[in-house]
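A.B. asks: Read off the chains here:
Protein chains: 2
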Amino acid sequence: MDVVNRYITINNHVNGAPQDSDFELKASPLALSLDPASNVVIVKNLYVSIDPYQLNRMKSFSASQKTSDFAVAIVPGEAIDTYGVGKVVASTNPEFDKGDIVVGLLNWGEFTVIKAGGMLNKLNTMGFPLSYHVGILGFSGLTAYAGLFDICKPKKGEKVFVSAALGSVGNLVGQFAKLSGCYVVGCAGSKEKVALLKEKLGFDDAFNYREETDLNSTLKSYFPNGIDIYFDNVGGEMQEVAVSNMNINGRIAVCGVISEYLDSEKRAAPSMIEVIYKRIKIQGFLAGDYLNIFGDFLSTTCDHLRTGKIQPLEDISDGVESIPSAFISLYRGQNIGKKIVKIAEE
Amino acid sequence: MDVVNRYITINNHVNGAPQDSDFELKASPLALSLDPASNVVIVKNLYVSIDPYQLNRMKSFSASQKTSDFAVAIVPGEAIDTYGVGKVVASTNPEFDKGDIVVGLLNWGEFTVIKAGGMLNKLNTMGFPLSYHVGILGFSGLTAYAGLFDICKPKKGEKVFVSAALGSVGNLVGQFAKLSGCYVVGCAGSKEKVALLKEKLGFDDAFNYREETDLNSTLKSYFPNGIDIYFDNVGGEMQEVAVSNMNINGRIAVCGVISEYLDSEKRAAPSMIEVIYKRIKIQGFLAGDYLNIFGDFLSTTCDHLRTGKIQPLEDISDGVESIPSAFISLYRGQNIGKKIVKIAEE
Chain Z
190 MDVVNRYITI NNHVNGAPQD SDFELKASPL ALSLDPASNV VIVKNLYVSI DPYQLNRMKS
250 FSASQKTSDF AVAIVPGEAI DTYGVGKVVA STNPEFDKGD IVVGLLNWGE FTVIKAGGML
310 NKLNTMGFPL SYHVGILGFS GLTAYAGLFD ICKPKKGEKV FVSAALGSVG NLVGQFAKLS
370 GCYVVGCAGS KEKVALLKEK LGFDDAFNYR EETDLNSTLK SYFPNGIDIY FDNVGGEMQE
430 VAVSNMNING RIAVCGVISE YLDSEKRAAP SMIEVIYKRI KIQGFLAGDY LNIFGDFLST
490 TCDHLRTGKI QPLEDISDGV ESIPSAFISL YRGQNIGKKI VKIAEE
Chain D
190 MDVVNRYITI NNHVNGAPQD SDFELKASPL ALSLDPASNV VIVKNLYVSI DPYQLNRMKS
250 FSASQKTSDF AVAIVPGEAI DTYGVGKVVA STNPEFDKGD IVVGLLNWGE FTVIKAGGML
310 NKLNTMGFPL SYHVGILGFS GLTAYAGLFD ICKPKKGEKV FVSAALGSVG NLVGQFAKLS
370 GCYVVGCAGS KEKVALLKEK LGFDDAFNYR EETDLNSTLK SYFPNGIDIY FDNVGGEMQE
430 VAVSNMNING RIAVCGVISE YLDSEKRAAP SMIEVIYKRI KIQGFLAGDY LNIFGDFLST
490 TCDHLRTGKI QPLEDISDGV ESIPSAFISL YRGQNIGKKI VKIAEE
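Quick mapping for you: the protein sequence lines, in order, are chains Z and D.
Quick note: the first sequence uses the working numbering, first residue 190, plus one each step.
Quick note: the second sequence uses the working numbering, first residue 190, plus one each step.
Because the hints were derived from the structure by calculation, they are not lab data.
Any given hint could turn out to be false.
Note: identical chains are not told apart, hence a pair may lie in one copy or across any two.
[As the list claims (entries may be wrong)] Simulated pairs of lysine-lysine, PhoX-like, Cα-Cα distance not exceeding 25 Å:
no., residue 1, residue 2
1, 455, 215
2, 409, 248
3, 380, 276
4, 498, 342
5, 344, 498
Work out the full structure, taking the sequences as your base and the hints as a guide.
C.D. replies: What follows is the structure, given as structure tokens:
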């Protein structure tokens, strides 16, 4: 049996913010009957993750190209891999059977063909919705957990600042930090988001950076006693002012740099004199290095979800054709929490 | 008995590179007869340390002012404290006797009056020249040792880059790294310095940054397989290109930022995308945090000095009146190794 597999590609390398015209919805036939001698799994994609870092992979010169196994450059015209959840519809891999719910490296499309060695695991949903396993119980969650606990090591009473605090990672960082007894302030790009941070997610305070004219003064007013931990999702000027407002032994987890993805000239130039005198650590990290703590992360987060101590925050669009607009929305600050596209019903 | 104490002050806050006109040699009478009820030590200064970070303390806005106990701002007209070695000439402090050789926080002058609680210790020279205890066996050595071993944790075979490699700290970092089995390249500001690094100090390679027009290409050619550790004494563009040439899990110890001391606009703006994908750590530090390992540092370094595995590199000027030119020489790249002023014979 053949199906038509529709999937998203980029037409060209992307410069600056992504536009609709950068993307194309392609369609090609896909045979579901497999050669028994092959070792292949065909997955019907159900939920796929939409992440800001993908923009970096779409550039003509991708910094990730030579430096990371986790995010190789995207080739125009080809399918775009992403973290996702799906259902096995055909398999000659003895580890997977038709009907298995799986999680792993799928793509921005309706089906994924996974050869032996591809990143794919059977999913134990543990009673949670499938979409959770793309975000809060997937790599977004692991990123927040690893970055906060391994890089920043929060202590009770410490002051934590999170940028892009309503993003897929930021909202969880703030919630985890609150559960660690920290004072947490987030910034986001609208009044509605600020309200959500304070009212739904339990942040101690939050501000709309678009309304601020002097970010240094803003941080001073929100952190009169200084910042101990800055979880950086944006880079640029915000990182500079965070350094200026940081306390001795401050830690910065560099998770994302949306400002640099959009414009490589918009780099942070933090005062290294302050970095020295305040013994500040600025540390980049990737969740892929933390698979060894995935089990801890998962059990902790599931417990918090069950007891209602952590709120999931999902922003789900429908259908493969909505992927480009879902992705573009990240750069317009239109997403509320984890951006996911639901491709199909189970 | 009274003596005349000559000491150096700044006339004004210093902007940009220091000039002769920024300094003044003052003289004031000093009574060596002490009230027996006082708790004071008067030290005749013998060797005093000349360090680049002092420039930061001389600025009208000193970043250190609010952030560090180790380096408070210098007030124009007042004596300038510094690390040094001296001899007790009068004491009403029961811990010190006349004739004791001491090490601690002295000043850029001929005598230092130290009240109870001042940083002063009796010095066990262990058979080494007094000047060694101002540099290689003092805070310069501890800075190199702590920054390299605690922040960078070098492993055998790793590639290490050191800027200002013939400075008081840089030359020791390179020598310690060589003893750890690393491949070490240094940069400095003249042909003569490059020759010294390679021939006297055992660096694997070295280059004169003043002769290079494209520092990124330069680092690529010296580190075709990338940099694992960058010991940063200069900040600015060199830090940016070091990040660009860094390997995964690279570590940068930020020790000094001579470029920022001179011009606060000359800040490094390293690619945070590379910091993330390569999981780079950028960490500021101060030797004062590492007094707990001073004993380890001292015994290790003394052993290496005795067996000739580490070469001391000192640049000693004579007399209190030479302090301004000695200090200014640091910013003109005229010093070779640890800059020290010998104030008096023992």
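A.B. asks: Between the shortest in-copy and the shortest cross-copy C-alpha distance, which are at most 25 Å for residue 380 and residue 276: within, between, both, or neither?
C.D. replies: neither (39 Å within a copy, 66 Å between copies)
A.B. asks: First find the shortest C-alpha distance between residue 409 and residue 248 inside one copy, then the shortest across copies, and answer within, between, both or neither for a cut-off of 25 Å.
C.D. replies: between (36 Å within a copy, 23 Å between copies)
A.B. asks: With identical chains treated as interchangeable, where does the CA-CA distance between residue 344 and residue 498 reach 25 Å or less: within a copy, between copies, both, or neither?
C.D. replies: within (18 Å within a copy, 42 Å between copies)
A.B. asks: With identical chains, the pair residue 498 and residue 342 could be close in the same copy or across copies; at 25 Å between alpha carbons, which is it: within, between, both, or neither?
C.D. replies: Cα proximity of residue 498 and residue 342: one copy only (20 Å, versus 39 Å across).
A.B. asks: How would you classify residue 455 and residue 215 at a CA-CA limit of 25 Å: within, between, both, or neither?
C.D. replies: neither (34 Å within a copy, 48 Å between copies)
The structure fails to meet hints 1, 3 from the earlier list, while all remaining hints are met.
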